[in-house]
Amino acid sequence: MSESGLPEQGPGALLAVDHLRVLFPVKAGLIIDRTVSRVHAVDDVSLSIGTGETLGVVGESGCGKTTLIRALVRLIKATSGQIHFRDLDITAASRRQLLPVRREMQMVFQDPQASLNPRKRIRQILATPLALRGLPRAEIEAESRRLLDRVGLRPEHLGRFPHEFSGGQRQRIGIARALAMQPKLILLDEPVSALDVSIQAQVINLLDDLKEDLGLSYLFVAHDLSVVRHVSDRIAVMYLGKVMELSPAAELYTKPMHPYTQALLDAIPIPDPAENRKRVRTVVTGEVPSPIDPPDGCRFASRCRHASDICRTVEPPLTRYANGHLAACHHPQNVSAAELAAAVRSPLSPTSAGEQLPTLAA
Amino acid sequence: MSAISSELSAELPPEGGPAEPDLPAGTGPYRLAWRRLRRNRVSMFFGLVFLLIVILCLLAPVYAQDIAHMGPNAGSPTTQITIGGKTEFVTNSVGVPIGPTWNFSKYFLGADSLGRNEAVRLLYGGRSSLEIGVVAMLITMVLGTVLGLLAGFYRGVTDGLISRVSDVIWSFPVVILGIALATVINVQGLGPLHSTTLMTTAVVIGFVYIPYVVRPVRAQVLGLREREFVDAARQQGLSGPRIMFSELLPNLSSTLVVFVPLILANAILLEAGLSYLGAGVQPPNASWGTMLEQGLQLFPGGFSTVLVPGVMLVLTVMSVNIFGDGLRDALDPRSKVAR
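Chains F and S, in that order, give the protein sequences.
What the first sequence shows, in the numbering used here, is residues 1 to 362, in sequence order.
What the second sequence shows, in the numbering used here, is residues 1 to 339, in sequence order.
Quick caveat, the hints were computed from the structure, so don't treat them as lab data.
For each residue, glycine too, the CB sits at the ideal point set by N, CA and C.
Don't take every hint at face value.
[Said to hold, decoys possible] Pair by pair, the computed Cβ-Cβ distance ranges are:
(1) R242/S / E287/F: 39 to 45 Å
(2) R35/S / R133/F: 48 to 54 Å
(3) P250/S / S198/F: 31 to 37 Å
(4) R155/S / G167/F: 27 to 33 Å
(5) R133/F / P241/S: 19 to 25 Å
(6) R39/S / D266/F: 44 to 50 Å
(7) L32/S / A92/F: 54 to 60 Å
(8) G52/F / R242/S: 32 to 38 Å
(9) Q297/S / Q124/F: 55 to 61 Å
With the hints as constraints, model all of the structure from the sequences given.
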């Protein structure tokens, strides 16, 4: 696994997300709907994925992970910000303009049951993207068989309906459908969270093999850090629509800087009761603030035990530390004075963030 | 990561797998439904009854030419027939026609008030009634499905327009609206439609039932469009119409299949109703509705002229409905069908 730092935002990145915001209007009114407020689902997120890289995105339910991924494949319209695919701005591209991009950027859905048309045989499900790719009719059957074989299913399964498969097999079909377009980047929306643990491992290993063989890049969304750990080169931690920490994968686990990341890591169960009891956990208390009216300052301040006055008033900028490790926190943990001195404000910081870089906690 | 892979690779199914016999293709939802339907004896019986009625009506010209030797509009009150050596007029001095003779070649089911052959007219009338029913049903199903799909899929203004117009249509009783439309078209004509063609009635009936299909289709599409497989199709770059017709439509099919017999039965009934009221099939063309109307003018004399088309109408509509019920049960995977 590469320990390379952050690829530069902009040219060179396969997919670059620049200050992306997705706000959902909350409407009310008797006859005419007025927008009374807005849900800040994704609030000023900047990311990039390099060729051959896997970016993991984690966060609890409702933090905007799925909205982010849906905005990237243009299933949801972005409110502001830009999405660049290979330096092509696709934020407002039409369906026709998007067609070549969609061939290179495919998505795998969370629920394999819901994402396969129950009335279609696997043959038809795979034929649609193959035909879109421009494959001649005569070759579609052979290619479908090859795809099924590639994801570990038997070619005879082509004549079956989705309900005749197990959950893991269905997700393999979902992956085969994404592969049918011969993409470069696959966006995975919690691809294994609907599966049980042993099947999760199989699917993750499959994704791993595919990445290696086909030179794919992944954006891997999950709510579970232990799942992302194995597949990611870098991991972004999201909370209430914002990126809290973005770090090379290994470093996130050994040196979490954001208190929220720490809390997430502490929530990973250790399958050894003795070990589990021994460790000291940071337990996050309280509720996630409403995304309709997110707090000023740091979004995590209301639940953070390190929070001080500045956290409640000034939004922390994403600060870049050594090794391309970014954290948006006024009181970063596991950071030495020297590292703190060398830290710079990252251009990926939200526009609303303050200028002041963190100082050592008192 | 590589450690994890090797650790878990044992759980992966072997690549390719050992050579096993080819798996049979999956059983489609329709094949399963057909299996369930076949077990439902009552439904199958009435399905066959309906089929028999259709075949008989289609053979009307054969019967008229080769057995009865008279057309549907031939004959007059002064026509004479000889039964058992006795010769008599087909209607008596006060205009009441003779009843059934049970003789296939001579006024099998008696005559009507104008001395025409009731059996021949019954078959020709059945042809008209079924033709109107089927055409009306097709119009309703096709337009209802397309409009329902458009309204449910695009929502917004499209939905507002389609839904409000169907609300307006729905707010009239079908018979009243049918009479109004049919009368206007019969008097003024509308394009190729005029009073002498059966299609006028078919189009009117097809039109008034459209909302009955639009509503449920729209409701189902509203639910379906939020499912992830629609997102998956959109994400592949499929166009709106393509998603509607190749992704959503197959999921609507079991609803639509159930609607076919329902609308067909209603259309046949409405045709009879409109013709009875004089707004449907125009004389001298035969249909079950016009035959009923002419028969009822003689009531209580010439009882057979009411009974014959009435029984036929009830039998047809009932068999379509019972078959439709069985079809609905068969298409519902949760239904329990007697084995």
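Now the hints, each set against the structure:
For the pair R242/S and E287/F, the supplied restraint of 39 to 45 Å holds, since their beta-carbon distance comes to about 43 Å. Under the hint 48 to 54 Å, the C-beta atoms of R35/S and R133/F, about 37 Å apart, miss the expected range. Range check, P250/S to S198/F: Cβ separation about 34 Å, and the 31 to 37 Å hint holds. A hinted range of 27 to 33 Å for the beta carbons of R155/S and G167/F is consistent with their spacing of about 32 Å.
The beta-carbon spacing between R133/F and P241/S, approximately 20 Å, falls within the hinted interval of 19 to 25 Å. As the Cβ distance of R39/S to D266/F is approximately 59 Å, the hint placing it in 44 to 50 Å is violated. Checked against the hint of 54 to 60 Å, the C-beta distance between L32/S and A92/F comes to roughly 46 Å, which is inconsistent with it. Checked against the given bound of 32 to 38 Å, the beta carbons of G52/F and R242/S, roughly 33 Å apart, stay inside it.
With their beta carbons about 58 Å apart, Q297/S and Q124/F fall inside the hinted range of 55 to 61 Å.
Consistency with the previously given hints fails for numbers 2, 6 and 7, ordered from lowest to highest.
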